[in-house]
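J.: Heads up: the sequence lines are chains W and V, in that order.
First residue of the first sequence: 1, per my numbering; consecutive thereafter.
First residue of the second sequence: 1001, per my numbering; consecutive thereafter.
What the hints contain is simulated information worked out from the structure, not anything from laboratory work.
Do not take every clue at face value.
[What the hints assert, rightly or not] No farther apart than 27 Å at their CA atoms in a straight line, the calculated lysine-lysine pairs in the DSS-like style are these:
id, chain 1, residue 1, chain 2, residue 2
1, W, 78, V, 1078
2, W, 175, V, 1172
3, V, 1172, W, 179
4, V, 1172, W, 146
5, W, 58, V, 1078
6, W, 74, V, 1230
7, W, 66, W, 24
8, W, 172, V, 1066
9, V, 1237, W, 74
Keep in mind that this is a model prediction, so the values were computed, not measured.
There are 2 protein chains.
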Amino acid sequence: MKDLAVVLVSGGIDSCVTAGIANKTYESNGVDHSSNLAFLHINYGQRTEKKELDSFEKIADFYGVKHKLVCDFKWLSKIGGSSLTDLEMDVPVFKKETKLKSFATSQEIPPQNVPEQIVPTTYVPFRNANLLSIGVSWAEVIGAKKIFIGVVNQDAPRYPDTRPEFIQAFNKLLKLGTKPDTHIEVLAPLINMQKYEVVKLGAELNVPFHLTWSCYKNDALACGKCESCKQRHDAFKLAGINDPINYE
Amino acid sequence: MKDLAVVLVSGGIDSCVTAGIANKTYESNGVDHSSNLAFLHINYGQRTEKKELDSFEKIADFYGVKHKLVCDFKWLSKIGGSSLTDLEMDVPVFKKETKLKSFATSQEIPPQNVPEQIVPTTYVPFRNANLLSIGVSWAEVIGAKKIFIGVVNQDAPRYPDTRPEFIQAFNKLLKLGTKPDTHIEVLAPLINMQKYEVVKLGAELNVPFHLTWSCYKNDALACGKCESCKQRHDAFKLAGINDPINYE
Chain W
1 MKDLAVVLVS GGIDSCVTAG IANKTYESNG VDHSSNLAFL HINYGQRTEK KELDSFEKIA
61 DFYGVKHKLV CDFKWLSKIG GSSLTDLEMD VPVFKKETKL KSFATSQEIP PQNVPEQIVP
121 TTYVPFRNAN LLSIGVSWAE VIGAKKIFIG VVNQDAPRYP DTRPEFIQAF NKLLKLGTKP
181 DTHIEVLAPL INMQKYEVVK LGAELNVPFH LTWSCYKNDA LACGKCESCK QRHDAFKLAG
241 INDPINYE
Chain V
1001 MKDLAVVLVS GGIDSCVTAG IANKTYESNG VDHSSNLAFL HINYGQRTEK KELDSFEKIA
1061 DFYGVKHKLV CDFKWLSKIG GSSLTDLEMD VPVFKKETKL KSFATSQEIP PQNVPEQIVP
1121 TTYVPFRNAN LLSIGVSWAE VIGAKKIFIG VVNQDAPRYP DTRPEFIQAF NKLLKLGTKP
1181 DTHIEVLAPL INMQKYEVVK LGAELNVPFH LTWSCYKNDA LACGKCESCK QRHDAFKLAG
1241 INDPINYE
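The following block holds chain W by itself, in its conformation from the complex (with noise of 0.2 Å):
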């Protein structure tokens, strides 16, 4: 059977670098390594569904990619809890104190700047292990060995479903869930990088940064204010590199 793997891919910059992973292992094949991915992207409701569909399903043509599913998560709206899919919720904006100036390297982090026990109202309720357990049905389904998944440690803990030990679990999890002859393992190969790690890397890999979509306000210009257009900023900013993307 050919060696798939599963992407989750969001649409933002730390799915797409980790596409980017993915495509390059299968590269040195030196065969159309494009049919070796298999793209899954979810929609939950979340401000920025349309965009975000776009950006993924650019970035799937930008890698050949055939195998994709899309699927409607809409109850993950229903229940809200998150203001990334209730529109009553505030996005949170980073106030001028808490610039990430200071965010030179990843040493100089000062921990005020990421507090330990708040986890932010853009966290949605156990999203990661929703996401990766339909990942887990499709790797299933299709034989695909692998799913790549483009957490970034640097969110957590405020984010609990994006720590080394979550994905841990989740891989026993699937281990004991799934056929005595299906052998799927979940990847996240950004976990313990910094953000503007993940910009450096996705620029050795040349990924299609133009492509990518992070506000998580706006759907036509970027805001540049909420957290995650801050967030994203401040890593191209520290990893030297130009953001090619839009802001109002």
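With chain W held as given, fit chain V onto it using these hints.
T.: Frame of chain W, contents of chain V only:
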């Protein structure tokens, strides 16, 4: 905050008995305990989707449950891989020689009737992880501390995601993947029971068996021939209890 429990209610006998158990745990409070229960149902494009949803609604009404969430998992049928969701695959029927006539007591179950290594076509890839993940998302938002699921270990290891080790691993995962102040536990009270014991317990709890649906094939009159109908039939027979639904 109110002591809430999410119950996964498919509409079958196992989840109905599980709802009865969850209901019982609140009965001793003496107050209107129906508001302690939150019923979750998933449509996943299975053949008998409408009939199962109808059973869900009726069982919810029976227990006076106000918190209800119905989610569509259309993608499970889109990816296929199961005879429950893929209309081009046949739902298996029990052959004469594998009739469960020797299921007189749990000790007498002949191993050849429960092939250890063969996962049936009715297995829906990693389904329970998907169902429990949405259960956790909802539980975290509404502040529920328990999630009841009616998996029965008699089916294991034919269905890998019904094993006690799977539930244990899932509990570990949810602890890691939710907010630090979230405390949710998945309970599978039927997991170590035989199906006929489930029926006996249900009868003791006066659960509404007449509202349940088990048939994998039909949604008007139960076929009486598919694996699920056979299991139900044998379970009622062994329990010495009359099955209140009609068959073809």
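J.: Take a quick look at whether residue 78 of chain W and residue 1078 of chain V sit within 27 Å of each other, Cα to Cα.
T.: Distance of about 22 Å is within 27 Å: holds.
J.: When you check the alpha-carbon spacing of residue 1237 of chain V and residue 74 of chain W, does it fall within 27 Å?
T.: violated (42 Å)
J.: Holds or violated: are the alpha carbons of residue 1172 of chain V and residue 179 of chain W at most 27 Å from each other?
T.: holds (21 Å)
J.: Against the 27 Å threshold, does the CA-CA distance of residue 175 of chain W and residue 1172 of chain V hold or violate the hint?
T.: holds (14 Å)
J.: Mind checking the alpha carbons of residue 1172 of chain V and residue 146 of chain W for me, to see if they're no more than 27 Å apart?
T.: Distance ~22 Å between residue 1172 of chain V and residue 146 of chain W Cα, so the pair holds.
J.: Are the Cα positions of residue 58 of chain W and residue 1078 of chain V separated by 27 Å at most?
T.: holds (22 Å)
J.: Does the structure keep residue 74 of chain W and residue 1230 of chain V at a Cα separation of 27 Å or less?
T.: violated (35 Å)
J.: Given the hint that residue 172 of chain W pairs with residue 1066 of chain V, test it: the Cα-Cα distance must not exceed 27 Å.
T.: Cα-Cα ~36 Å, so violated.
J.: Is residue 66 of chain W within 27 Å of residue 24 of chain W, Cα to Cα?
T.: Given that 27 Å is the threshold and the Cα spacing comes to 17 Å, the pair holds.
Of the numbered hints given earlier, the model fails hints 6, 8 and 9; all others are met.
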